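Trainee: Below, each chain spelled out in residue letters.
Protein chains: 2
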Amino acid sequence: MILAGGSGTRLWPASRRARAKQLLPLAKGGETLLGATVRRARTAVEDVVIVTARDQADATAAALPGVEILAEPAPRNTALAIGLAAVHLAHRDPGAVLGVLPADHHIADEPGLTSTISRAFAVAESDPVICTIGIRPTRPETGFGYLEIDVAIKDAGVAPVKAFVEKPDVATASTFIAGGKHLWNAGMFFARADKILADIKRLLPDTAAVLDDIAAALRDRGAVAAAEVAAKRYPAAPSISFDHGVMEHTTGVVVIPADLGWNDVGSWAALRDVLGTDAEGNTVIGDAIVLDAGNNVIATDPGTVVAVIGVNDLVVVRSGDAVVVLPRSRAQEVRRVVDELTRRGWDRYS
Amino acid sequence: MILAGGSGTRLWPASRRARAKQLLPLAKGGETLLGATVRRARTAVEDVVIVTARDQADATAAALPGVEILAEPAPRNTALAIGLAAVHLAHRDPGAVLGVLPADHHIADEPGLTSTISRAFAVAESDPVICTIGIRPTRPETGFGYLEIDVAIKDAGVAPVKAFVEKPDVATASTFIAGGKHLWNAGMFFARADKILADIKRLLPDTAAVLDDIAAALRDRGAVAAAEVAAKRYPAAPSISFDHGVMEHTTGVVVIPADLGWNDVGSWAALRDVLGTDAEGNTVIGDAIVLDAGNNVIATDPGTVVAVIGVNDLVVVRSGDAVVVLPRSRAQEVRRVVDELTRRGWDRYS
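Chains as they are written, first to last, in numbering that gives the first Met the number 0: chain S, 0 to 349; chain B, 0 to 349.
Worth flagging that the hints you see were computed from the coordinates, not collected in a lab. In this text the structure is predicted, and so the values were computed from the model without any measurement. The beta-carbon is built from N, C-alpha and C at its ideal position, and this holds for glycine as well. Any given hint could turn out to be false.
[Said to hold, decoys possible] What follows is a set of in silico ranges between Cβ atoms, one per label pair, in the way DEER data are often shown: (1) B:N311 x S:R342: 19 to 27 Å; (2) B:D346 x S:D346: 31 to 39 Å; (3) S:A61 x B:E30: 40 to 48 Å; (4) S:A58 x B:G260: 48 to 56 Å; (5) B:E227 x S:K27: 32 to 40 Å; (6) S:A121 x B:G309: 47 to 55 Å.
[What the hints assert, rightly or not] So, partial list: chain B residues that the calculated Cβ filter (under 7 Å) puts toward chain S: (7) L325; (8) D346; (9) Y348.
[Claimed, not checked] Covered by chain B, according to a simulated footprint, are these stretches of chain S (three or more residues, beta-carbon under 8 Å): (10) 312–321; (11) 326–335.
Could you put together the complete structure from these sequences and hints?
Mentor: Here it is in structure tokens:
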């Protein structure tokens, strides 16, 4: 199951309310992040389903013809989205294992991912656990959650998760790096569908009630009826993440530590690591004229051009009706622009 | 006569081969530079004609309905353009004085210009001279030509021009400022139409031959026939500027020194002086979000937005399919982009 929900502000103006990050051609060779995720998932499993918002279903289907899509009637965060996928999978095969992958991340080590996913499926198949993949941190990142384990693991073993740690401050994050007992929570996890549904029933009864109605409709009257029930029940359903609602409270969460060259493509600056740089340190998507300029991240739409002269360490992005220019080191602050657009009532640009 | 020829590279990407600088809404309040020039000219004279290239005639007429336009079949520099206007004016009134104004400059002191123009018309009417307006230089500018006079003039008197000086180096330009005997050549001048045509006949006989044919057609068969002759003769006509071909060699050139808040809008950086700045030193045309950023020149098309965070002293311009970003101090180098577009065969952007 590929989780392709949400709309991003961190890659504005390429990502908009109506155009999610995973459908942007930001992977190597102009592949979309979602397309790359589907391709990687298929190296480990046969059945891949994309769960996405109804208003992005058409664009998603157009970008990935032939891939099964489960459209949610309204965005209600990941507990309900994952529960919905679990309901459908359990209906087909009650003993099946569900693997959850975010749609908008980059992974450089694809063979490593394939073997790690295969191992995680095997763990979740044999034990009543939720098996996560934890990325060994390479810097004291304050933008991610961490998975705490009891002992530093050197090989590709499986360790119990002792705690979920919210985004830390930089001092705390630095102690995590030094200690070797914390891993980045990359949002990838694996569990039997019936284990997921049982955990939701125990920990999120209101969410479970919605899912039970959908499951009953699916069982008794089929997929169309299930979609109709979902459309009716989603608007009033609780909005809570699977991490907060289930993972942090359930028992039997384990983790496989891994490297993998993982990158959440969380800002324009991250594209440097995903796409690499030219001899002057520039990362370029689209037509660009770059004179006396280095270490910039430049992106523009097909059929348009960006020219830069004598500037360094900037992000310069043009997408649709908008342009953004800011230092690479402040790339996260793009969201301030989106906030400001809303404040001014310029939502046409957000 | 307003000289609205040529296509600029210095304000790329707003100015393009097919969209000249004078039609851009760069004056205060979104007025075009050409519109402002016409409005100013009319404060001093009744009859205003715009001489422009045939392929810009429609856009010019649309921008300035009701203004007479004389369209040139091909660009052949200013000697022929001014000669053509002189032919048409002399046909209507053999003793009339022609005033030539560039279409794409900014002038802050409009009452001062009106009185200076009126004075220049009076000088050219009473004496067989070419009367220019010389701008008192405010900095050692190396991008302009200078008019040298014999004595520093303090009031609004008229002085003979001793020499035309080509664009000087910065050391020479500094001595000009110190000496007080050099004025910027702003391309504005006034002379009887028959004096202009006589000078062209004496100094540029090939150009005069073309003009004689057009004049004969105009006299004998009317304006349509004159346009047909022009269309036939222009392609093979010599291309030379009025400054080089006539002004530098003729006798009786005089100058009225003036201030006027003149600006040739020769780069994006110049817009700072034309439009002023906000409290943070930014000059903005169009919708912009500016956060922690100062002393930038930002321009974007209507219905589009530019967002900048944490950058200073930059030019950021989006126009049509192109964006340019460079330091304000290097704004002149925009032409390097245009050269590079040509070198790459990306003429669609130039």
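Trainee: Could you run down the list of hints and mark each one as holding or not?
Mentor: Structure-based check of each hint:
1. Taken as a hint, the range 19 to 27 Å holds for the pair B:N311 and S:R342, whose Cβ atoms sit roughly 23 Å apart.
2. As the Cβ distance of B:D346 to S:D346 is approximately 37 Å, the hint placing it in 31 to 39 Å holds.
3. For the hinted restraint 40 to 48 Å between S:A61 and B:E30, the CB-CB distance of approximately 45 Å keeps it satisfied.
4. In this structure the supplied range 48 to 56 Å holds for S:A58 paired with B:G260, their Cβ-Cβ distance being about 53 Å.
5. The given range of 32 to 40 Å is broken by B:E227 and S:K27, whose C-beta atoms sit roughly 59 Å from each other.
6. Range check, S:A121 to B:G309: Cβ separation about 48 Å, and the 47 to 55 Å hint holds.
7. A least Cβ separation of about 4 Å between B:L325 and chain S falls short of the 7 Å threshold, and the interface hint therefore holds.
8. Look at B:D346: its Cβ only gets to about 11 Å from chain S, farther than 7 Å, so that hint breaks.
9. Interface restraint check: B:Y348 against chain S, minimum CB-CB distance 5 Å, threshold 7 Å, status holds.
10. A stretch counts as covered by a chain when three or more of its residues have a beta carbon under 8 Å from one of that chain; for the segment 312–321 of chain S and chain B the count is 5, and the coverage holds.
11. Counting residues of the segment 326–335 of chain S whose beta carbon lies closer than 8 Å to any beta carbon of chain B gives 5, which reaches the threshold of three, so the coverage claim holds.
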